[in-house]
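Q: Here the structure of chain A is known, so what remains is to put chain B in place on it, guided by the hints.
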Amino acid sequence: DAEITQSPRHKITETGRQVTLACHQTWNHNNMFWYRQDLGHGLRLIHYSYGVHDTNKGEVSDGYSVSRSNTEDLPLTLESAASSQTSVYFCASSDGGFNQPQHFGDGTRLSIL
Amino acid sequence: AQSVTQLDSQVPVFEEAPVELRCNYSSSVSVYLFWYVQYPNQGLQLLLKYLSGSTLVKGINGFEAEFNKSQTSFHLRKPSVHISDTAEYFCAAFTGGGNKLTFGTGTQLKVEL
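If you read the sequences in order, they're chains A and B.
Everything in the first sequence is counted per this note's numbering, starting at 1 for the first residue and increasing by one.
Everything in the second sequence is counted per this note's numbering, starting at 1 for the first residue and increasing by one.
Rather than coming from a laboratory, the hints here were simulated on the basis of the structure.
Just to be clear, a hint being listed does not mean it is correct.
[To be verified] Ranges between beta-carbon positions, derived for each pair:
| no. | chain 1 | residue 1 | chain 2 | residue 2 | range |
| --- | --- | --- | --- | --- | --- |
| 1 | A | S83 | B | N68 | 38 to 46 angstroms |
| 2 | B | P79 | A | R17 | 45 to 53 angstroms |
| 3 | A | K57 | B | S27 | 39 to 47 angstroms |
| 4 | A | S83 | B | K110 | 26 to 34 angstroms |
| 5 | A | D62 | B | L113 | 40 to 48 angstroms |
| 6 | B | Q42 | A | N28 | 35 to 43 angstroms |
| 7 | B | Y39 | A | S61 | 37 to 45 angstroms |
| 8 | A | D73 | B | E15 | 17 to 25 angstroms |
| 9 | B | V29 | A | S67 | 31 to 39 angstroms |
| 10 | A | S80 | B | L113 | 47 to 55 angstroms |
For each residue, glycine too, the CB sits at the ideal point set by N, CA and C.
This is chain B alone, in the form it adopts within the complex:
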């Protein structure tokens, strides 16, 4: 069964600094990967997705992620964060032939002045 690990439960960072949120998945067979963002009292919104093709995926709000099959990772990065990026970020994976999307436990990104 697929599992998704987000090792960092909280990541504090200063505004305009770069950030990386880590995500590792367990199974590489026909894997589809997603990053979602959740602002307080709202549902999840899609940031970016990897379905196939280029391993570097660009998303909304200046975020990008790189699919690394050998390290089974899909880390999320942004070169310069803004206060408005403060939110919880979820990595999710689907393995072909399965019947669910597996979510990580989330990383709370807190951007400080």
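Next comes chain A alone, as it looks inside the complex:
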């Protein structure tokens, strides 16, 4: 079965360090998304990609970057981790734009001390 896999599931790091969260999907979807989930905010869009070499900023993109070198992967990088970036991060993919259902990974819980 097709799936979307995130790694690691849990990570603890220190402020100022660079952190990369992996996302790999086998749906063969062109569209991939990164969200962060915080209590009281629901899910907020960080970055998204409509295909290889395409990346776009979402509503909370400051301090984050992504790159898309193939269809399957969209890694999320925190250039210099800050405590405000402690959150649960979800990757998603879809075969359409935002008006189509998205398939989500199980999330990465990131703690920045």
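A: For chain B alone, kept in the frame of chain A given last:
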């Protein structure tokens, strides 16, 4: 900009009782609506979607929702809940021409014996 309001942060209900989780959105122009469910330590799963057509939408696990344009609502209902329905439920909306899916802050459904 689109906004999504889920007024109830928590809804307790007894098993086999009916339940309604409320969702209101702000903009009706070319709106696409979704309900997702999130079980503990998992990603979001699609329950149902409204893209166009019939205003009554049926989803998985016996859930249904009704698109009400005049009241800008998309409430989720189930006639008889089960313990296994205990989870967090998110309403989400996309407005045509926009560049993000807007999520509500979630409703925690707790089914009790």
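Q: All hints are to be evaluated individually against the structure, with a verdict given for each.
A: Verification of the supplied hints:
1. A:S83 to B:N68: 38 to 46 angstroms: 42 angstroms, holds
2. B:P79 to A:R17: 45 to 53 angstroms: The hinted range 45 to 53 angstroms holds for B:P79 and A:R17, with Cβ atoms some 51 angstroms apart.
3. A:K57 to B:S27: 39 to 47 angstroms: 22 angstroms, violated
4. A:S83 to B:K110: 26 to 34 angstroms: 31 angstroms, holds
5. A:D62 to B:L113: 40 to 48 angstroms: Once the Cβ atoms are compared, 46 angstroms apart, the range 40 to 48 angstroms for B:L113 and A:D62 holds.
6. B:Q42 to A:N28: 35 to 43 angstroms: Given a distance of about 23 angstroms, which is not inside 35 to 43 angstroms, the answer is violated.
7. B:Y39 to A:S61: 37 to 45 angstroms: 28 angstroms, violated
8. A:D73 to B:E15: 17 to 25 angstroms: 42 angstroms, violated
9. B:V29 to A:S67: 31 to 39 angstroms: 34 angstroms, holds
10. A:S80 to B:L113: 47 to 55 angstroms: 49 angstroms, holds
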